Amino acid sequence: MIPQNFTYQAPKTLEEALALLADGTAKPLAGGMSLIPLMKLRLAAPERIVDLGRIPGLNYIREEDGKIRIGAMTTHYEIETSPLLRARCPLLATTAAHIGDMQVRNVGTIGGSLAHADPAADYPAALLALEAEVRLVRAGGERTLPIRDFFVDVFTTALEPGEIVREVVVPVEAPGTGTSYQKVAHPASGFAVVGIAARVRRGDGKIALARLGVTGLASKPFRADAAEKRLEGTDGAETDLRAAAAAVTEGVEANSDLYASAEYRAHLARVYAVRGLRSALQAA
Amino acid sequence: MKRSKDPESQAQPKGLSRRGFIRGVGLSGGAVGLLHPEGEAAPAPAVLGPGPVPITLLVNGKPHKLEVEPRVTLLDALRDRLDLTGAKRVCDRGTCGACTVILGGKAVYACSVLAIDAQGKPIQTVEGINAGGRLHPVASAFVNQDALQCGFCTPGFVMAAKAFLDRNPNPTLEQVRKGLGGNLCRCGTYVGIRQAVLEAAKQMRGGARNV
Numbered sequence: 001m002i003p004q005n006f007t008y009q010a011p012k013t014l015e016e017a018l019a020l021l022a023d024g025t026a027k028p029l030a031g032g033m034s035l036i037p038l039m040k041l042r043l044a045a046p047e048r049i050v051d052l053g054r055i056p057g058l059n060y061i062r063e064e065d066g067k068i069r070i071g072a073m074t075t076h077y078e079i080e081t082s083p084l085l086r087a088r089c090p091l092l093a094t095t096a097a098h099i100g101d102m103q104v105r106n107v108g109t110i111g112g113s114l115a116h117a118d119p120a121a122d123y124p125a126a127l128l129a130l131e132a133e134v135r136l137v138r139a140g141g142e143r144t145l146p147i148r149d150f151f152v153d154v155f156t157t158a159l160e161p162g163e164i165v166r167e168v169v170v171p172v173e174a175p176g177t178g179t180s181y182q183k184v185a186h187p188a189s190g191f192a193v194v195g196i197a198a199r200v201r202r203g204d205g206k207i208a209l210a211r212l213g214v215t216g217l218a219s220k221p222f223r224a225d226a227a228e229k230r231l232e233g234t235d236g237a238e239t240d241l242r243a244a245a246a247a248v249t250e251g252v253e254a255n256s257d258l259y260a261s262a263e264y265r266a267h268l269a270r271v272y273a274v275r276g277l278r279s280a281l282q283a284a
Numbered sequence: 001m002k003r004s005k006d007p008e009s010q011a012q013p014k015g016l017s018r019r020g021f022i023r024g025v026g027l028s029g030g031a032v033g034l035l036h037p038e039g040e041a042a043p044a045p046a047v048l049g050p051g052p053v054p055i056t057l058l059v060n061g062k063p064h065k066l067e068v069e070p071r072v073t074l075l076d077a078l079r080d081r082l083d084l085t086g087a088k089r090v091c092d093r094g095t096c097g098a099c100t101v102i103l104g105g106k107a108v109y110a111c112s113v114l115a116i117d118a119q120g121k122p123i124q125t126v127e128g129i130n131a132g133g134r135l136h137p138v139a140s141a142f143v144n145q146d147a148l149q150c151g152f153c154t155p156g157f158v159m160a161a162k163a164f165l166d167r168n169p170n171p172t173l174e175q176v177r178k179g180l181g182g183n184l185c186r187c188g189t190y191v192g193i194r195q196a197v198l199e200a201a202k203q204m205r206g207g208a209r210n211v
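Chains Z and W are the protein sequences, given in the same order. Quick note on numbering: the first sequence equals residues 1 to 284 in my numbering. Quick note on numbering: the second sequence equals residues 1 to 211 in my numbering.
Isolated chain W (complex conformation) (with noise of 0.2 Å):
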C-alpha cells in the first residue's frame, strides 16, 4: 500500500501496514481545533463516562441495573458482571463469533458491541433459550449430531445458529454453510454443525426428526 500524506503517518516505521496506519489515524484524531459555534441553546445530551454510569440490560427477559464505564463491552458486562459465561471471549475481534448473541432478534458479536449502547433492545443469550426444563431444538440437535469436539465455540454457534433459523426456517446446507461464516471452530466439527442445523430446521418446523 503507498505511504499517505497525513504527517502523523510519518512517525510509524517503515512498511506501512492497515494496522499502522489505523494508528496514526487514530490518533492524530484529536489533531484538528474548530470554535464551536456559539448560540446553539439545545440542551445537549448527558456525557457519560468516562467512569462507572449506570445503565439497564434487558438480558433473557430480565432487565438488570449495572453501572459500566461506556468502554466496557456488552460480552464482557455479561461474563464479568452478570456472570452470564456462554458467550466466550475468544479472538474479541469480531472474526471468531464465540461471543455471538441474539441483540434485538439479530446474531452480533458481544465483543464488537458497547454494553452502554445494548440497552433497550431485548438480549439472548445461550443461557435463556431452553424452556420448560428442555434443551432448544438447536441445542439438542447439536447433542444429537455431536456437533462438537471441545465445546469453546459451541455456545456461539448455536445462537448464530438459532437466529439464521428464525430468519431461514427451510435452509439448504450452502445456505446453512454461508450463513454461519462468522463463526469459526478450531476443531473442525463444521461437517457436523451443519447438519445439526438442518436437524433443528427439521425439527422446528414441525418435521420429524432427522433419524
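Next up, chain Z with everything else stripped away, as it sits in the complex (with noise of 0.2 Å):
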C-alpha cells in the first residue's frame, strides 16, 4: 500500500507551521500513527503534509500554577513514563500505558491522538474525567476550550481549517483523590471496545466528588454526568457505585459493530464504572 502523491515541508517554528496550515489545504503530521496507516489505505489523500516532527519546543511536561501543560507533541510512552505526572496526575500516565502498544506509544502523540478524536481512543476519558482543557492555535490566534468542548462527533473535532492541538492542560491532582482507568481492549486493534475513567474524593466521609469519562461506547467520548451526580453526596457504597454506574448508559446510543452489540457494549460499560469506581475509592 502506497500512499497518493504528495508535497512534504518541515517547517522548524510554530509560526512557520502555522503559516503553512493557514489556508487549510495541508494536513499537519504529528507522530502519523494514524495519519500514515490511513493514507496508505487512501482513506485521507492530502496533497500536501506539513510535519511538526522538526519543531522544538512542542515536547514538554511541566508544572506551572498547580496544573501540568503537556506539549501536543509528548509521545504516550513519554506521558506514560513521565515521574510529574505519575506523581501529580496519574490518571493520564496510567491512562496513555494502555494504548496500542510499545510501537505506537514510543512515536504517538497526545496531540495527534486528539486531533484524530477515533472515537475508541483511550486519553478522551481520562482527560474528561480530569476536566482538561486544550489549547488550540491557528495562524494569528489562540484559543482554550474544555475538553468536553473539543469532541463534536465520530473523527470530528472543534478544530477549524488551518488551526492545531498546541497544549493539553491537567490539574495537579488535589490529595484524596483517587483515579483509575479500566478498559476492555479490542483483541487485535488494542482500542477500547469500552473505556471508563473514574476519580473521587472524600469529604467528611462522603463522596465529595465524582467524575467519569467513557470512551469508546458511542459516537463520541463524553462526561456520565448523571451518574457523577447519583454518586455525589452518597458514601459510596456498593449499592451507591452499582445505582450510579446504572446512568453511565441511560439515554446514550451505544456503538455496535462485529465484536461488541450494542447492548453488549452498554453491559460492559456499567461492569466497567463500578470496577473503575472502586478502584478509584480504594486509591482516595
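Keep in mind that the hints were calculated from the coordinates and are not lab data. Nothing here was measured: the structure is a model prediction, and the numbers come from that model. Each hint should be verified, as a subset may be incorrect.
As the list claims (entries may be wrong) - Once the Cα atoms are required to be at most 30 Å apart in a straight line, the calculated DSS-like pairs of lysine-lysine come out as: (1) W:Lys121 <-> Z:Lys27; (2) Z:Lys229 <-> Z:Lys67; (3) W:Lys202 <-> Z:Lys12; (4) W:Lys178 <-> Z:Lys40; (5) W:Lys65 <-> W:Lys121; (6) W:Lys62 <-> Z:Lys12; (7) Z:Lys27 <-> W:Lys106; (8) Z:Lys40 <-> W:Lys106; (9) Z:Lys40 <-> W:Lys121; (10) Z:Lys40 <-> W:Lys65; (11) W:Lys62 <-> Z:Lys40; (12) Z:Lys27 <-> W:Lys65; (13) Z:Lys206 <-> Z:Lys40; (14) Z:Lys12 <-> W:Lys121; (15) W:Lys62 <-> W:Lys106; (16) W:Lys106 <-> W:Lys202; (17) W:Lys106 <-> Z:Lys12; (18) W:Lys62 <-> W:Lys121.
Work from the hints to combine the two standalone chains into their complex.
Shown next, in the form of C-alpha cells:
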C-alpha cells in the first residue's frame, strides 16, 4: 500500500507551520501513527503534508501554577513514564500505558491522538474525568477549550481548518483524590471497546467529587454527568456505585460492531464503571 | 456510530463505518480555502516532492544517500532501495510488528514512518545487531529456545525484544508479554519467544545462561 503523492514541508518553528497550514489545504503530521496508515489505505489523501516533528519546544510536561502543561508533540511513552505525571496526575499516565503497543506509544503523540478523535481512543476518557483544557492555535490567534467542548462527533473535533492542538492542560490532583482507568481492549486493534476513567474524592466521609469519562461506547467520548450526580453526596457503598454505574448508559446510543453489540457494550460500560469507581475509591 | 453532520459523509455508502467516515474526512481536506496572510517575509521551508528528493539515512552506523518520493516509508526504503530485507512487510498498517526497527533508540513500525522523516536519527535493523561475527544475545536466545516456526515474524520480534530489554533489563514474564504486545506471530510461538526474551535478559545482565 502506497499513499497518494503529496508534497512535504518540515517547518522549524510553530509560526512557519501555522502559516503553511493557514489555508486549510495541508494536513499536519504529528506522530503519524493514525495518519500514515490511513494515507496508505487511501482513506486519507492529503496533497500537502506539514510535518510538525522538526519544531522544537512542542514536547514537554511541566507544572505551572497548580496545573500540568503537556506539549502537543509529547509521546504516549513520555506521558506514561513521566515521574511528574505519575506523582501529580497519575490518571493520565496510567491511561497512556493502555494505548496501542510499545511501537505506537514510542511515536504517537497526545496532540495527534486528540486531533484524530477516534471514538475508541483512550486519552479522551481520562481528560474528560480530569476536566482538562486544550489550547488550540492557528495563524494569528489561539483559544482554549474545555475538553468536553472539543469532541464533536466520530473523528470530528472543534478544530477549525488551519488550527492545531498546541497544548493539553490537566490539574495537579488534590490530596485524597483517587483515580482509575478500566478498559476492555479490542484483542486485535487494542482500541477501547469500552474505556472508563473514574476520579473520586472523599470529604467528611462522603463522596465530595465524582467524575466519569467514557470512551468507546458512543460516537464520541463523554462525561457521564447523571452517574456523577447520583454518586456525589453518598457514602460510596457498593450499592451507590452500582446505582451510579447504571446511569452511565442511560439515554446513550451505544455503538455496535462485529465484536460487541450495543447491548453488550452498554453492559460492559456499567460493569467497568463499577470497577473503575471501586478502584478509584480504594486509591482515594 | 451516529452519522456525522459533515456533508462529505453523505457521499458514503449507508452504514457509516469508521473507515468510511475517514474517507469522507480525508477527501474533504482541501475543501476549505482561506487567503494566505500577506506580508510574512520569513523564507518558507522548502517544498519537497511529490517527485524524488535526496535524503540520507543513517542505517546500522553507515550513512546512505538515496532519492525517494516523500510518500515512501522507511520500510520500503530499507527493503527496496537499500536491500535490507530483514524488516518484513506483512500487515503494512502498524499492527503486526514484523517491520519493527530501532529508530533513535526506540522500536518503531518502519511501515508507518516516512523515510524522509527518519533522517537525522540512527536506524538499526536486524542486519546490524550482531557484532564480531557473533549472534546478538536476543538472536541466540531465539535459537536456543526454538522461539519460531516459520520465522517470518522473527526479525521484528528480535528488534522489538532488543529495544524492550534496553529499557527493561530485568523484566518479569508478564512485562515481556505486555512489552511485546505490538508483535504478532501467526504460528503461535509466543511461549518460546517470551522464554527467549527472559534468557536474553539474563545473558545481557551477565548472568549464567539458562540451561
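Quick rundown of the hints versus the structure:
With a C-alpha separation of about 24 Å, the suggested pairing of Lys121 (chain W) with Lys27 (chain Z) holds against the 30 Å cut-off. Simply put, Lys229 (chain Z) and Lys67 (chain Z) have alpha-carbon atoms about 25 Å apart, close enough for the 30 Å limit, and the pair holds. Distance restraint check for Lys202 (chain W) and Lys12 (chain Z): the Cα-Cα separation of roughly 43 Å exceeds the 30 Å cut-off, and the hinted pair is therefore not satisfied. With a CA separation close to 27 Å, the supplied pair Lys178 (chain W) and Lys40 (chain Z) stays within the 30 Å bound.
Restraint check for Lys65 (chain W) and Lys121 (chain W): satisfied, since their Cα atoms lie roughly 14 Å apart, inside the 30 Å limit. Restraint check: the Cα-Cα separation between Lys62 (chain W) and Lys12 (chain Z) comes to about 26 Å, which is no more than 30 Å; the hinted pair holds. Between Lys27 (chain Z) and Lys106 (chain W), the direct Cα distance comes to roughly 25 Å. Compliance with the 30 Å bound is thereby established for this hinted pair. In summary, the hint linking Lys40 (chain Z) to Lys106 (chain W) is supported, as the alpha carbons are separated by about 23 Å, within the 30 Å threshold.
The hinted pair formed by Lys40 (chain Z) and Lys121 (chain W) meets the criterion: a straight-line CA distance of about 23 Å does not exceed 30 Å. Between Lys40 (chain Z) and Lys65 (chain W) the CA atoms are separated by roughly 24 Å; this keeps the pair inside 30 Å, and the hint holds. Only pairs whose Cα atoms come within 30 Å are accepted, and Lys62 (chain W) paired with Lys40 (chain Z) is accepted, the gap being roughly 29 Å. Distance restraint check for Lys27 (chain Z) and Lys65 (chain W): the Cα-Cα separation of roughly 27 Å lies within the 30 Å cut-off, and the hinted pair is therefore satisfied.
At most 30 Å may separate the alpha-carbon atoms for a hinted pair to count; Lys206 (chain Z) and Lys40 (chain Z) exceed this at roughly 52 Å. For the proposed pair Lys12 (chain Z) and Lys121 (chain W), the alpha carbon gap of about 17 Å is at most 30 Å, so the pair holds. Pair hint Lys62 (chain W) plus Lys106 (chain W) holds up; C-alpha atoms about 18 Å apart against a cutoff of 30 Å. Note on Lys106 (chain W) and Lys202 (chain W): the hinted pairing holds, with a Cα-Cα distance of about 21 Å set against a maximum of 30 Å.
For the hint linking Lys106 (chain W) to Lys12 (chain Z), the alpha-carbon distance of about 23 Å falls within 30 Å, and the restraint holds. Proposed proximity of Lys62 (chain W) and Lys121 (chain W) is supported: the alpha carbons are some 12 Å apart, at most 30 Å.
Going down the numbered hints, you'll see the structure goes against 3 and 13, while the others check out.
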